[in-house]
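Read top to bottom, the protein sequences are chains C and H.
Our numbering applies: residue 28 is where the first sequence begins, and numbers increase by one.
Our numbering applies: residue 202 is where the second sequence begins, and numbers increase by one.
Derived by calculation from the structure, the hints in this document are not laboratory data.
Positions of the beta carbon are idealized from the N, C-alpha and C atoms, including for glycine.
A couple of the hints might just be wrong.
To be verified - Beta-carbon label-pair distances, calculated as ranges: (1) C:Ala249 / H:Arg309: 51 to 61 Å; (2) C:Pro131 / H:Pro483: 53 to 63 Å; (3) C:Asp115 / H:Gly554: 24 to 34 Å; (4) C:Gly125 / H:Pro446: 53 to 63 Å; (5) H:Glu395 / C:Ile208: 40 to 50 Å; (6) H:Ser593 / C:Tyr117: 39 to 49 Å.
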Amino acid sequence: MRPEALRRRDLLASSAMALVLAACAGPASLPPPAAEAAPFFTAEEAATIAAAVDRLIPPDAATPGGREAGCADFIDRQLAGPYGRSADLYMRPPFAEGIPQQGPQSPLTPARRYRQALAALATYCRNAYAGQEFAQLPPAEQDRILRGLEAGSLHLPGANGHAFFELLLANTMEGFFADPIYGGNRDMAGWRMVGFPGTRYDYRDYVALHNQPYPLPPVGLAGRPAWHQPA
Amino acid sequence: MRGIVALLLLALLGGGARADEVTRGRYLATVGDCIACHTAPGGAPFAGGRPIATPFGTLRSANITPDRASGIGGWSDAAFDRALRAGIAPGGKYLYPACPFPYFTRARGEDIAAIHAYLRSLAPVGNPVQTDALPFPFDIRALMRGWDAAFFRPGVWHDDPAQDAAWNRGGYLVEGLGHCGACHTAKNAFGADETRRALQGGLLQGWWAPGLTPAPRTGLAGWSIDGLVAYLRTGSGGGQLASGPMAEVVERSTSHLSDTDLRAMAVYLLARPARTEVAVRPAPTPLAGEAIYLDRCAACHGRAGEGTAGLFPALRGSAVVQAPRPQTLIRVVLEGGRAAATDAAPTGAAMPGFASLLDNDEIAAVLAYIRNSWGNASAPPRPAQVERMRGSPG
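Please take these sequences and the hints and turn them into a complete structure.
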């Protein structure tokens, strides 16, 4: 059998699988998830992620950074839950090298990819910075490392640094903009920054009011602080 | 030859008269909404077996198709009349007032006979129903003899010559076959109507049926005759939508009645004396309740509780919202609701349930706000009441 034929067969099989999975999943209407009891990260991992998300979304005068907005907590809870276990993905071989449009094809769950990459990053930092951890480095050095991972020019021992950076960046943005019930977007900081009013249903009263700020504060699935003010 | 023609003519006339009576009986059975209780979910119409929850236990409705073995095929006209107007079925079996014979007793004999003619015209359905399902001691039907003596006032409706034809027709339907008070009148500890508070609102199966007197806050004061007719005809009128048990009443009964009869019922209800309301000052509205209302309710019900005609009920001035007992309100917020779907208004607008989105404190706060804003005034519900409704709405 020619290699092209094999690849095409794999492609067909995987598209069929994708269709089946899409049909099974249906529209998601799950109740709000409870916070996972046990955190996923070790103390050192948590410190590294908290430092990294604050470099990916640094704080400024108007908006808190990734750390204060809870992105690290969001990622921790996601990795401790079904996402971290790839619970909704088909995770059996063969694991072919996919084309970019096919998305991640890693045999590793996100939890294992974080664990592996964070261990490699810790080793790298201890070797390169005289035993220091990532979180202890000055911001400029942290940026240098993150840029190196992003460009693929900095190689981590035993982990795909570029893929890890892409994963971390995506999860950080998810944590910054997802509903606060998932642990990130604390005080709806991400929504306030972009002016997103949250889970509101209807804007008929405002549709015709052009070039005026929308007056209502953002609201999440579990409400907003004003819901619990005393009478 | 002439004799045969005369016989044929007689038979035709006779048949026509019977057909007329059956048609009239079908209409009157629709007024009484017999089909609602006497049909099990998914079961054959009128074949009984629907569970009816009462404070004394759960009953099952009887099979009233003309099946001889399991239905009422063996009943004479007189036996049927005695059951409906005196509450005693053949064999001296006393009926529970879950079958509203205390109302049907107001109906005229020819109307009861017409209903019987209609039921006899149906196809018999064999469906044995165990109607004696109440727990001890309520399974002793002879107890109903005492109940009847204490609470049952038999007697046909008498027209009031001082009132016009519409008022009298409306009263005949409301107080008789329509049995509005079965839900809209409060019950005493024995399950009998508190007649002094007739049609002032009642609690049944975890629903508050609002008052039907023209009282300002808890009744029909804001309603017009046209609004009431539209509500009963289409399920939507007066800024309100029929939902819960009333949606079923509209779908199966009132939407099929003549305009003359609906108008008569509205005339009668709006002309009755208004319930004397205790003056209630609006309770302070919690800021939290206002915030929740703005975020979760205002999109449909409007910033000022004004609603949208035919789609979203108005909360401002609503008798359900200001009911003395907040059960219906709590229940609708928890479970959501669906309005009646009728030929005239087939959509059946729906509201989602908020049981998983709002906690007890939040629901109590938003209901306190709704019950005391825009001119509304009524006691704020307590979070514990919400918790109880979560467990067992009935």
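Hints versus structure:
no., hint, result
1, C:Ala249 / H:Arg309: 51 to 61 Å, "holds, 59 Å"
2, C:Pro131 / H:Pro483: 53 to 63 Å, "holds, 58 Å"
3, C:Asp115 / H:Gly554: 24 to 34 Å, "holds, 26 Å"
4, C:Gly125 / H:Pro446: 53 to 63 Å, "holds, 57 Å"
5, H:Glu395 / C:Ile208: 40 to 50 Å, "holds, 47 Å"
6, H:Ser593 / C:Tyr117: 39 to 49 Å, "holds, 43 Å"
Taken one by one, the earlier hints all hold for this structure without exception.
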